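Let's have the full structure, built from the sequences with the hints guiding it.
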Amino acid sequence: MYPFELGIPSRVFGATDGRYEVLTCTVDGRPVRTNSDFSITVEHGPDVLHTADTVVIPPFTSTSVTREVSEAVTQALVSPAPGRRLVSICTGAFVLAAAGLLDGRPATTHWVVADLFRSWFPQVALDPDALFIDDGDILTAAGAASGLDVCLHLIRKDHGSEVANQVARMCIVPPWRDGGQAQYIQHPAPPTTASGTAAARQWALENLHEPMVLADLAEHSHMSLRTFARRFTEEVGMSPGRWLIQQRVDRARHLLETTDLPVDEIAGQVGFAGGTSLREHLHAAIGVSPLAYRRTFRGALTSTH
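Here the sequence shown stands for residues 16 to 320, where the numbers follow my numbering.
Because the hints were derived from the structure by calculation, they are not lab data. Computed from a prediction, not measured in an experiment: that's the story for all the values here. Any given hint could turn out to be false.
[As the list claims (entries may be wrong)] Here are the computed lysine to aspartate or glutamate pairs in the EDC-like style, where the Cα-Cα straight-line distance is at most 20 Å:
#, residue 1, residue 2
1, K172, E295
2, K172, E272
3, K172, D68
4, K172, E58
5, K172, D62
6, K172, D150
7, K172, D152
8, K172, E280
[Unchecked claim] Each pair of labels, with its calculated beta carbon distance range:
#, residue 1, residue 2, range
9, T78, S292, 34 to 42 Å
10, E234, I187, 17 to 25 Å
11, S254, D130, 45 to 53 Å
12, A288, S51, 53 to 61 Å
13, E86, L276, 47 to 55 Å
14, T89, R184, 37 to 45 Å
15, E225, G290, 17 to 25 Å
16, A160, T66, 25 to 33 Å
17, P97, E225, 26 to 34 Å
Ideal Cβ placement from N, Cα and C applies to all residues, glycine included.
Right under this line is the structure:
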């Protein structure tokens, strides 16, 4: 176990003035060996996962990765709790994949182990170029410091860019890594089989500027409307309509951060009917207007240079 990445959730989420309670647990409650000259004592067992809203799986050395996990680990990760998120950092993605939780879904991991991951888990749509991938209820981050990126991303989703930027300043890291803005736009690769809804998600992301309805997405998965809606919710953890709005908002935020385009033009590029619709959806997602978001985020970016 890498102690740096293990400490990221506690350090980042712990800097939010009590908005999160961060607990560390193991399946057996025993001390955790690190790749350094010390072990870490953990106070909690898997019972705390029953009430966890977000579960973060830290990484372990590349020589310790495995293509199988115990039933106890799988059961600890599988939860009927609605809205719970699973997050992996670096090689932690191997745990999710071995438990079958990434089948047919986009994911990333450290580029050093990408080929091994792909050979062991061909059913996962691996994107080794992404710093992190947000696929609804499951998020996977690449190596080491990308754990900071994904934790800040979660804070930004939960509490808005202002809180995330405050946490970034407390941790003395940029709110967004230079050259990494595109990480906010999910890039799921097509599935390696004809099953699943990943191909429809990829098509939707490539055509966000176009109007689309559930029937369009179902057609790209060669499924009936009812089957597609059920499979989509099973794979992503939310309805197709909710996911589509989330992607449009994420793309709009990316354009607000990286361009000077007018709000109405951005709305058209991401598939909203107009600036009013974009304002409503953005405010519902993060509690700020497009102009306030642009002013806060681009100001924070400028201050890091």
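Hints, verified against the model:
1. Among the hinted pairs, K172 with E295 is consistent with the structure: their alpha-carbon atoms are about 16 Å apart, no more than 20 Å.
2. For a cut-off of 20 Å, the pair hint linking K172 to E272 stands: about 15 Å separates their Cα positions.
3. Annotation: proposed proximity of K172 to D68 holds, straight-line Cα distance about 14 Å (limit 20 Å).
4. Proximity of K172 to E58 is assessed by CA-CA distance (about 29 Å); at most 20 Å being required, the pair is judged violated.
5. The straight-line distance between the Cα atoms of K172 and D62 is roughly 27 Å, outside the 20 Å bound, and the hint therefore fails.
6. For a cut-off of 20 Å, the pair hint linking K172 to D150 stands: about 13 Å separates their Cα positions.
7. Of the supplied pair hints, the one linking K172 and D152 holds, its CA atoms being roughly 12 Å apart against a limit of 20 Å.
8. The straight-line distance between the Cα atoms of K172 and E280 is roughly 23 Å, outside the 20 Å bound, and the hint therefore fails.
9. For T78 paired with S292, a C-beta distance near 51 Å fails the hint of 34 to 42 Å.
10. Judged by the Cβ atoms, the range 17 to 25 Å given for E234 and I187 is violated: they are separated by roughly 49 Å.
11. Taking 45 to 53 Å as the suggested C-beta distance range, the pair S254 and D130 does not conform, at roughly 35 Å.
12. Taking the beta carbon of each, A288 and S51 are about 54 Å apart, inside 53 to 61 Å as hinted.
13. Checking the proposed 47 to 55 Å range against E86 and L276 shows it holds: the Cβ atoms sit about 51 Å from each other.
14. For T89 paired with R184, a C-beta distance near 39 Å keeps the hint of 37 to 45 Å intact.
15. At roughly 18 Å, the beta carbons of E225 and G290 sit within the given window of 17 to 25 Å.
16. Range check, A160 to T66: about 29 Å between beta-carbon atoms, so the 25 to 33 Å window is met.
17. Between P97 and E225 the C-beta distance comes to about 30 Å, which sits within the given range of 26 to 34 Å.
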